[in-house]
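Engineer: Sequence:
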Amino acid sequence: MKFTLSWLKDHLETSSDLETICKTLNSIGLEVEKIEDPSKILASFRTASIMSAEKHPNADRLQVCHVNAGVGYEDVQVVCGAPNARQGLMTVFAPVGTYIPGSDLTLKAGKIRGELSNGMLCSAQELQLGENHDGIIELPADAPIGKAYIDYFNLNDPIIEIAITPNRGDALSIRNIARDLATAGLGRLKPLSTVKINGQFKSFIQWDNQFSEACPWILGRTIRHVTNGPSPEWLQTRLKAIGIQPKSLLVDITNFFTYDLGRPFHVFDVDKLSGEQLTLCSGDGENFLALNGKEYQVTQNDCIIVDKNGVQSLAGLIGGQESAVEESTTCVFLECALFNPVTIALSGRYHSIHTDARQRFERGIDNAFLPQAMDLATQMILDYGGGEASEVTVAGHEPNWRRKATLRYARLESFGGLAVPVPRVQQILTDLGFEIECQNEHSVTVQVPSWRNDIVMPLKMAQHPNLESEYANLLADTAAHLEGEVDLIEEVLRIVGLDNIPAVSLPLHHSIPSPALSIEQKRFFDAARLLASRGLVETVGFSFVDHEVAARLGEAPESLRLLNPISNDMDQLRPTPLASLLPAAQKNIARGLSDVALFEVGPVFTQHGEKTIAAGVRYGFMPRSIEGKALEVTIWDAKADVYFVLNGLGISCDSLQISTETPIYYHPGRSGQLRLGPKTLLAYFGELHPSLVKQCAFDQALIIFEIMIDAIGVKKPSRKKPLFLSAFQPLKRDFAFVVKEKVEIGRIINTVKQIDRHFITNVELFDIYRGDKIPKGCKSIAIQVTIQPQTKSLKDEEIEKISQTIINKVALTTGGVLR
Numbered sequence: 000m001k002f003t004l005s006w007l008k009d010h011l012e013t014s015s016d017l018e019t020i021c022k023t024l025n026s027i028g029l030e031v032e033k034i035e036d037p038s039k040i041l042a043s044f045r046t047a048s049i050m051s052a053e054k055h056p057n058a059d060r061l062q063v064c065h066v067n068a069g070v071g072y073e074d075v076q077v078v079c080g081a082p083n084a085r086q087g088l089m090t091v092f093a094p095v096g097t098y099i100p101g102s103d104l105t106l107k108a109g110k111i112r113g114e115l116s117n118g119m120l121c122s123a124q125e126l127q128l129g130e131n132h133d134g135i136i137e138l139p140a141d142a143p144i145g146k147a148y149i150d151y152f153n154l155n156d157p158i159i160e161i162a163i164t165p166n167r168g169d170a171l172s173i174r175n176i177a178r179d180l181a182t183a184g185l186g187r188l189k190p191l192s193t194v195k196i197n198g199q200f201k202s203f204i205q206w207d208n209q210f211s212e213a214c215p216w217i218l219g220r221t222i223r224h225v226t227n228g229p230s231p232e233w234l235q236t237r238l239k240a241i242g243i244q245p246k247s248l249l250v251d252i253t254n255f256f257t258y259d260l261g262r263p264f265h266v267f268d269v270d271k272l273s274g275e276q277l278t279l280c281s282g283d284g285e286n287f288l289a290l291n292g293k294e295y296q297v298t299q300n301d302c303i304i305v306d307k308n309g310v311q312s313l314a315g316l317i318g319g320q321e322s323a324v325e326e327s328t329t330c331v332f333l334e335c336a337l338f339n340p341v342t343i344a345l346s347g348r349y350h351s352i353h354t355d356a357r358q359r360f361e362r363g364i365d366n367a368f369l370p371q372a373m374d375l376a377t378q379m380i381l382d383y384g385g386g387e388a389s390e391v392t393v394a395g396h397e398p399n400w401r402r403k404a405t406l407r408y409a410r411l412e413s414f415g416g417l418a419v420p421v422p423r424v425q426q427i428l429t430d431l432g433f434e435i436e437c438q439n440e441h442s443v444t445v446q447v448p449s450w451r452n453d454i455v456m457p458l459k460m461a462q463h464p465n466l467e468s469e470y471a472n473l474l475a476d477t478a479a480h481l482e483g484e485v486d487l488i489e490e491v492l493r494i495v496g497l498d499n500i501p502a503v504s505l506p507l508h509h510s511i512p513s514p515a516l517s518i519e520q521k522r523f524f525d526a527a528r529l530l531a532s533r534g535l536v537e538t539v540g541f542s543f544v545d546h547e548v549a550a551r552l553g554e555a556p557e558s559l560r561l562l563n564p565i566s567n568d569m570d571q572l573r574p575t576p577l578a579s580l581l582p583a584a585q586k587n588i589a590r591g592l593s594d595v596a597l598f599e600v601g602p603v604f605t606q607h608g609e610k611t612i613a614a615g616v617r618y619g620f621m622p623r624s625i626e627g628k629a630l631e632v633t634i635w636d637a638k639a640d641v642y643f644v645l646n647g648l649g650i651s652c653d654s655l656q657i658s659t660e661t662p663i664y665y666h667p668g669r670s671g672q673l674r675l676g677p678k679t680l681l682a683y684f685g686e687l688h689p690s691l692v693k694q695c696a697f698d699q700a701l702i703i704f705e706i707m708i709d710a711i712g713v714k715k716p717s718r719k720k721p722l723f724l725s726a727f728q729p730l731k732r733d734f735a736f737v738v739k740e741k742v743e744i745g746r747i748i749n750t751v752k753q754i755d756r757h758f759i760t761n762v763e764l765f766d767i768y769r770g771d772k773i774p775k776g777c778k779s780i781a782i783q784v785t786i787q788p789q790t791k792s793l794k795d796e797e798i799e800k801i802s803q804t805i806i807n808k809v810a811l812t813t814g815g816v817l818r
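Under numbering that gives the first Met the number 0, the first residue of the sequence shown is numbered 0, with each subsequent residue one higher.
It is worth saying that the hints were derived from the structure and are not from the lab.
Treat the hints loosely; a few may be bogus.
Subject to a maximum C-alpha distance of 25 Å in a straight line, what follows is the list of computed DSS-like cross-link-like pairs (lysine-lysine) [to be verified]: (1) K33 / K239; (2) K201 / K307; (3) K39 / K201; (4) K741 / K586; (5) K638 / K739; (6) K794 / K752; (7) K775 / K731; (8) K39 / K22; (9) K731 / K678; (10) K772 / K800; (11) K775 / K808; (12) K731 / K794; (13) K741 / K752; (14) K8 / K39; (15) K693 / K752; (16) K741 / K778; (17) K638 / K794.
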């Protein structure tokens with residue numbers, strides 16, 4: 000909502016400055032979004048006369064002009080390229096040092112093609128006052144020389160833009176904004192001038208309302224012998240300031256009242272209408288050419304205005320071109336209506352029509368103001384366009400909008416948090432337009448004004464068959480009463496100032512809310528987030544899969560088979576999310592996606608109940624890097640995924656035990672199992688079994704993993720030892736053990752880690768060798784052990800003792816022999 004300061008002062012008698020007004024607007028809930036003050040931006044520009052204009056000696060399209068811009072600038076040389084620059088022209092001059100908003104530059108003195116230029120002659124675009132940049136501004140020949148441009152064109156009027164919340168439709172009226180400011184103590188609301196126009200003849204057009212649900216009340220009046228020329232300069236200036244381009248007197252007047260009083264109007268050219276009647280009805284698929292040049296097809300939910308030739312207006316939203324007023328228009332029909340906000344909102348949304356009229360009608364306008372508004376608009380048309388007005392034609396009647404609300408003074412403090420003196424409460428409500436009906440020392444009951452549609456919105460309760468009607472009405476009245484009281488509390492507090500409400504701390508036992516997610520839910524979402532951060536894409540599959548697919552991926556007992564499946568290929572509860580991920584991978588690969596990385600965290604089902612598993616598949620290549628070509632995915636990528644998730648969920652991966660015991664759908668020699676202790680199974684990872692790779696028609700190995708989310712217990716936060724950085728250099732020793740082929744590498748690494756956690760800080764595998772230099776059926780496992788001294792340097796004998804312990808332990812637990 001935009002308005003100028005002078006426009007606001009038409010309704011508000013105040014001596015407050017711009018800063019105070021804007022600060023008050025913010026405090027009463029009308030948030031100021033933007034302030035434009037042309038007097039600051041355009042202060043340096045002044046009117047000037049071109050005394051001479053001669054061709055530039057070194058450029059064909061430039062002229063050297065001598066300009067008289069008043070005191071201090073009686074003869075200034077300016078190089079100008081505008082085609083309309085000529086001797087004797089009155090224009091706008093910007094001296095050196097002026098900021099040009101349209102070009103975003105500050106003028107400096109300089110030479111252009113060898114000729115001095117000490118300023119600029121400006122176009123409308125350079126002042127951001129229009130789009131014309133083909134030439135400099137041309138002022139009337141009698142314009143004074145050296146006058147500030149903002150004073151000459153009355154551009155020293157600040158523009159205020161405020162944000163309007165959906166419930167405050169009344170604040171889309173400058174008068175009601177002034178009312179709020181006056182109530183807040185910034186002056187006095189000026190009385191609204193009232194006029195009574197007595198019709199001189201019967202209206203040429205009459206109303207026929209066949210859609211009263213959408214339009215309960217509508218007025219109209221014919222005005223003949225009108226001169227529809229340009230609107231007066233003051234009106235054009237105001238409309239331009241808020242971003243509305245003036246069109247003609249009649250259109251500008253309707254736009255004026257839309258902002259001034261929040262009262263949209265529409266005018267029809269009577270000579271373009273067919274017949275003597277306009278009908279309000281619902282649409283029936285007709286096509287309608289609107290004023291914005293677009294064609295719409297109306298529906299049964301739209302309220303339209305038609306004559307004998309068809310649709311002339313999409314009521315409350317936009318008029319039609321066929322009956323639009325022009326400069327030649329001499330006889331008009333003025334429409335003033337009250338529309339159902341829901342009808343307007345639904346039609347506007349359906350047709351994507353956004354107009355000032357829609358903005359006001361869908362929020363609700365003054366329910367009782369139509370007759371007065373009709374007379375005020377008529378008077379302005381007669382004052383500036385002449386002519387004579389007819390009697391008013393009416394269809395429908397004023398709706399029953401009257402409502403009451405009661406405020407208990409004690410509730411201001413107990414509910415609103417601030418005790419306000421009773422006289423101040425009554426004064427605020429009265430100044431806002433509420434009429435006091437009755438009052439006592441404890442409460443006040445008021446009549447809600449017709450323009451405040453947001454106050455007391457009764458709850459429409461469905462009539463329950465077991466409730467007596469009196470009881471149902473009592474409940475509705477009680478709800479309305481409570482809502483009305485809250486509305487009045489809000490009105491009082493926003494005028495007093497929400498910043499004046501003292502801050503109160505919440506009780507200690509209420510200050511920490513309960514977690515929104517359970518531990519299981521948090522673990523579920525954390526696992527998904529961790530996998531997504533590894534570059535996998537989340538999928539959400541059905542818990543039902545094909546029985547044959549389930550049988551290939553574990554158990555598929557008849558007890559978990561569906562008796563009434565939604566389709567033939569979804570007849571079994573899945574034993575693993577891989578049953579959903581494998582078909583998804585197939586579809587992606589079939590569509591040309593050569594690199595696939597998918598995961599799902601979801602339920603699986605066994606004969607022992609339901610579990611949650613995070614599963615993933617990788618196929619193709621890892622992302623390419625600058626260091627070399629992309630590498631094909633391997634089981635180590637799956638292992639890295641699993642370790643990353645387990646570590647993120649609080650599992651220390653150093654304590655995990657690795658074995659090769661995996662389900663039948665994993666590759667028997669390229670897969671692994673992770674356990675935490677002998678009983679807790681945490682994860683599987685590896686390649687998909689070669690037979691399944693062949694059945695699924697994958698061109699290369701498919702890497703898979705499964706993480707048992709339910710098996711990850713919740714641990715109490717432990718006090719971690721502070722990070723200790725030893726001052727002593729770590730020692731690294733390499734060991735190569737010859738072991739039987741069946742010995743697991745993880746078993747060797749875990750054995751070495753557990754020998755002496757005080758000194759041994761890391762154990763890494765760096766080589767596996769099989770060949771003719773070692774016995775058949777054996778392999779060589781090479782590891783690097785990091786020994787970290789803590790408080791002193793280790794002697795050779797101490798290092799040798801640790802090394803010998805490593806050799807002995809590995810030999811004892813795995814049968815390994817130092818190579």
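Engineer: Measure nothing beyond the straight line between the CA atoms of K772 and K800; if it is 25 Å or shorter, mark the hint as holding.
Structural biologist: This hinted pair is violated, its Cα atoms lying about 29 Å apart.
Engineer: Quickly compare the C-alpha distance for K775 and K731 to 25 Å and report which way the hint goes.
Structural biologist: 30 Å, violated
Engineer: Take a quick look at whether K741 and K586 sit within 25 Å of each other, Cα to Cα.
Structural biologist: Between K741 and K586 the Cα gap is close to 38 Å, so the pair fails against 25 Å, i.e. violated.
Engineer: Assess, step by step, whether the Cα of K638 is no farther than 25 Å from the Cα of K794, and give holds or violated.
Structural biologist: Given pair K638, K794 is violated - Cα atoms ~38 Å apart, limit 25 Å.
Engineer: With the threshold set at 25 Å, check whether the alpha-carbon distance from K741 to K752 stays at or below it.
Structural biologist: At roughly 21 Å apart (the allowed maximum being 25 Å), K752 and K741 satisfy the hint.
Engineer: For the pair supplied as a hint, K33 and K239, confirm whether the alpha-carbon distance does not exceed 25 Å.
Structural biologist: With a Cα-Cα distance of about 16 Å, the restraint between K33 and K239 holds, given a limit of 25 Å.
Engineer: Under the criterion that the straight-line Cα-Cα distance not exceed 25 Å, is the pair K201, K307 satisfied?
Structural biologist: Distance ~20 Å between K201 and K307 Cα, so the pair holds.
Engineer: Can the restraint linking K693 and K752 be considered satisfied, given a maximum Cα separation of 25 Å?
Structural biologist: Measuring from Cα to Cα gives roughly 40 Å; hence the hint is violated.
Engineer: Given the hint that K638 pairs with K739, does the C-alpha gap stay at or below 25 Å?
Structural biologist: 24 Å, holds
Engineer: K39 and K201: Cα distance at most 25 Å?
Structural biologist: Status violated; Cα separation ~53 Å.
Engineer: Given the hint that K731 pairs with K794, test it: the Cα-Cα distance must not exceed 25 Å.
Structural biologist: 14 Å, holds
Engineer: Measure nothing beyond the straight line between the CA atoms of K741 and K778; if it is 25 Å or shorter, mark the hint as holding.
Structural biologist: 9 Å, holds
Hint violations for this structure: numbers 3, 4, 7, 9, 10, 15 and 17, all remaining hints satisfied.
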